[in-house]
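Asker: Chains as they are written, first to last, in our numbering: chain U, 1 to 156; chain S, 1 to 172.
For the record, the hints were derived by calculation from the structure and aren't laboratory data. Glycine is no exception: its CB is placed at the ideal position from the N, C-alpha and C atoms. Incorrect hints may have been included.
Covered by chain S, according to a simulated footprint, are these stretches of chain U (three or more residues, beta-carbon under 8 Å) [to be verified]:
1) 65-77
2) 117-128
3) 141-153
With a Cα cut of at most 35 Å, we get these calculated DSBU-like pairs of lysine-lysine [stated by the list, open to error]:
4) S:161 <-> S:92
5) U:113 <-> U:38
6) U:113 <-> U:88
7) S:35 <-> S:90
8) U:130 <-> S:128
9) S:46 <-> S:32
10) S:61 <-> S:35
11) S:46 <-> U:145
12) S:161 <-> U:130
13) U:34 <-> U:113
14) S:90 <-> S:32
15) S:92 <-> U:145
16) U:145 <-> U:130
17) S:110 <-> S:128
18) U:145 <-> S:128
19) S:61 <-> S:90
20) S:61 <-> U:93
21) U:130 <-> S:32
22) U:150 <-> U:93
23) U:38 <-> U:93
24) U:150 <-> S:92
25) U:93 <-> U:113
26) S:90 <-> S:46
27) S:32 <-> U:145
28) U:93 <-> S:161
29) U:145 <-> S:161
30) S:90 <-> S:38
31) S:35 <-> U:145
32) S:110 <-> S:35
33) S:46 <-> S:161
34) U:150 <-> U:115
35) U:34 <-> U:145
36) U:130 <-> U:88
37) S:90 <-> S:161
38) U:145 <-> U:46
39) S:61 <-> S:32
40) S:92 <-> S:32
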Amino acid sequence: MEFKSCCKLSAVLLFLPCLFAQSNAILTVAPPQKVAAKRNTDVTAKIEVSIAAGYHVNSNAPHEAYLIPLRLTWTPAPLEVGAVTFPKARDEKYRFSDQPLSVFTGNFEIATKFKVPADAVGGQAILAGKLRYQACNDTMCFPPKTVEVKLPVEVQ
Amino acid sequence: MQVARVSLAIAAVLVVLPGCSTSKTVKAASVKPHKDRKSAPDFALKDANGQTVHLSDYRGKVVLLDFWATWCGPCKIEIPWFQQFERENKDKGFAVLGVAMDEEGWDVVKPFAQHMNINYRLLVGDDKIADQYGGVDALPTTFLIDREGRIASVHVGLSGKRDFEDGIQELL
């Protein structure tokens, strides 16, 4: 390979991956849409999660006890927190695992059911959530991290 | 920053590895020449018995310093290899040190070590040692340290067993 061609190819290889990594995070959460509900009713909020290509996070129910599951928790005010529902996880085999692992990849949604108490104060509020995850690719893993989620709510 | 860092590392390897040179093949994570080796930062960490361990205690030995965690699948693959290296080379001036980066410390590391029958010395790491060794963002990250306490090679991510074996034999 000629020296000039080699340099050009090297430059492309060096910088292209960075262009595809604009978010600079393995897991990102889109700002959730506002949920509005009346007192004494239930409402479901969804958060949209994206995992960077080539990576995975453990599902909410990993097959192996040593793996750290995906967890979404909420501060219970002004709404009461109900069930958190994850999508169906995928069983995938990786170079480092004898057995398939239960993982999430790509884009997916996590739904949370909330109940609006009868005595909830009307108006706007922000519900604070935390999404804890632990990510890997085929050859390496990264320490568990927590992403803050802010859900706008309107009690009518 | 993780994706960008990993992408840059992969890109750097891709830049170095392909056929830019017609004379020789560059081997990833091979042992560096003496002149290119930098001193491995010393540290003071507790082992499972509460004894303080310094890297400098191992001066004169070849050390495989492995940063790992109990939740790290790729790290689990390498552990039996390191057990074998310890068994086969400990009388030749070689030692494995496993630095666990679990936030929960010994509460999770001790049962895991017993379950895996780990036969080499384990330590629990902290942010300080991670910073000293360049962040250690990805696990496993393994350093081969020569008898003079200098870093001879770095393996980020799951490596080939043969790469470690070759490096250890070259340094012993």
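Asker: Each hint: holds or not?
Answerer: Right, here's what the structure says about each hint:
Check on the stretch 65-77 of chain U: 3 of its residues sit with their Cβ under 8 Å from a Cβ of chain S, so the three-residue criterion for coverage holds. Counting residues of the stretch 117-128 of chain U whose beta carbon lies closer than 8 Å to any beta carbon of chain S gives 0, which falls short of the minimum of three for the stated coverage. By the rule of at least three residues with a Cβ nearer than 8 Å to a Cβ of chain S, the coverage given for the stretch 141-153 of chain U holds, with 4 such residues. Our distance criterion of 35 Å between C-alpha atoms is met by residue 161 (chain S) and residue 92 (chain S), whose separation comes to about 19 Å.
Annotation: proposed proximity of residue 113 (chain U) to residue 38 (chain U) holds, straight-line Cα distance about 14 Å (limit 35 Å). Restraint check for residue 113 (chain U) and residue 88 (chain U): satisfied, since their Cα atoms lie roughly 17 Å apart, inside the 35 Å limit. Among the hinted pairs, residue 35 (chain S) with residue 90 (chain S) is consistent with the structure: their alpha-carbon atoms are about 26 Å apart, no more than 35 Å. Taking the CA atoms of residue 130 (chain U) and residue 128 (chain S), the gap is near 26 Å; set against the 35 Å cutoff, the hint holds.
Of the supplied pair hints, the one linking residue 46 (chain S) and residue 32 (chain S) holds, its CA atoms being roughly 30 Å apart against a limit of 35 Å. Pair hint residue 61 (chain S) plus residue 35 (chain S) holds up; C-alpha atoms about 19 Å apart against a cutoff of 35 Å. At roughly 25 Å between alpha-carbon atoms, residue 46 (chain S) and residue 145 (chain U) fall within 35 Å of each other, so this suggested pair holds. For a cut-off of 35 Å, the pair hint linking residue 161 (chain S) to residue 130 (chain U) is broken: about 39 Å separates their Cα positions.
Our distance criterion of 35 Å between C-alpha atoms is met by residue 34 (chain U) and residue 113 (chain U), whose separation comes to about 14 Å. With a CA separation close to 22 Å, the supplied pair residue 90 (chain S) and residue 32 (chain S) stays within the 35 Å bound. This hinted pair does not check out: residue 92 (chain S) and residue 145 (chain U) have alpha carbons roughly 41 Å apart, beyond 35 Å. Simply put, residue 145 (chain U) and residue 130 (chain U) have alpha-carbon atoms about 10 Å apart, close enough for the 35 Å limit, and the pair holds.
Of the pairs offered as hints, the one joining residue 110 (chain S) and residue 128 (chain S) holds, with about 21 Å between alpha carbons and a cut-off of 35 Å not exceeded. A C-alpha spacing of about 18 Å is found between residue 145 (chain U) and residue 128 (chain S), which places the hinted pair at or below 35 Å, so the restraint holds. Of the supplied pair hints, the one linking residue 61 (chain S) and residue 90 (chain S) holds, its CA atoms being roughly 9 Å apart against a limit of 35 Å. A C-alpha spacing of about 38 Å is found between residue 61 (chain S) and residue 93 (chain U), which places the hinted pair above 35 Å, so the restraint is violated.
Distance restraint check for residue 130 (chain U) and residue 32 (chain S): the Cα-Cα separation of roughly 44 Å exceeds the 35 Å cut-off, and the hinted pair is therefore not satisfied. With a C-alpha separation of about 34 Å, the suggested pair residue 150 (chain U) and residue 93 (chain U) falls inside the 35 Å cut-off, and the hint holds. For the proposed pair residue 38 (chain U) and residue 93 (chain U), the alpha carbon gap of about 45 Å is over 35 Å, so the pair is violated. This hinted pair does not check out: residue 150 (chain U) and residue 92 (chain S) have alpha carbons roughly 57 Å apart, beyond 35 Å.
Between residue 93 (chain U) and residue 113 (chain U) the CA atoms are separated by roughly 32 Å; this keeps the pair inside 35 Å, and the hint holds. Distance hint between residue 90 (chain S) and residue 46 (chain S) is fulfilled; the C-alpha atoms sit about 21 Å from each other, no more than 35 Å. Simply put, residue 32 (chain S) and residue 145 (chain U) have alpha-carbon atoms about 34 Å apart, close enough for the 35 Å limit, and the pair holds. Among the hinted pairs, residue 93 (chain U) with residue 161 (chain S) is consistent with the structure: their alpha-carbon atoms are about 20 Å apart, no more than 35 Å.
Of the pairs offered as hints, the one joining residue 145 (chain U) and residue 161 (chain S) holds, with about 30 Å between alpha carbons and a cut-off of 35 Å not exceeded. For the hint pairing residue 90 (chain S) with residue 38 (chain S), the CA-to-CA distance comes to about 24 Å; that is within 35 Å, so the pair holds. For the proposed pair residue 35 (chain S) and residue 145 (chain U), the alpha carbon gap of about 38 Å is over 35 Å, so the pair is violated. A hinted pair counts as satisfied when its Cα atoms are at most 35 Å apart, and residue 110 (chain S) with residue 35 (chain S) does not qualify at roughly 39 Å.
The straight-line distance between the Cα atoms of residue 46 (chain S) and residue 161 (chain S) is roughly 28 Å, inside the 35 Å bound, and the hint therefore holds. A C-alpha spacing of about 17 Å is found between residue 150 (chain U) and residue 115 (chain U), which places the hinted pair at or below 35 Å, so the restraint holds. The hinted pair formed by residue 34 (chain U) and residue 145 (chain U) meets the criterion: a straight-line CA distance of about 25 Å does not exceed 35 Å. Simply put, residue 130 (chain U) and residue 88 (chain U) have alpha-carbon atoms about 20 Å apart, close enough for the 35 Å limit, and the pair holds.
The suggested pairing of residue 90 (chain S) with residue 161 (chain S) holds, with an alpha-carbon distance near 17 Å, which does not exceed 35 Å. Proposed proximity of residue 145 (chain U) and residue 46 (chain U) is supported: the alpha carbons are some 20 Å apart, at most 35 Å. Restraint check: the Cα-Cα separation between residue 61 (chain S) and residue 32 (chain S) comes to about 17 Å, which is no more than 35 Å; the hinted pair holds. As the CA atoms of residue 92 (chain S) and residue 32 (chain S) are separated by approximately 21 Å, the hinted pair is consistent with the 35 Å bound.
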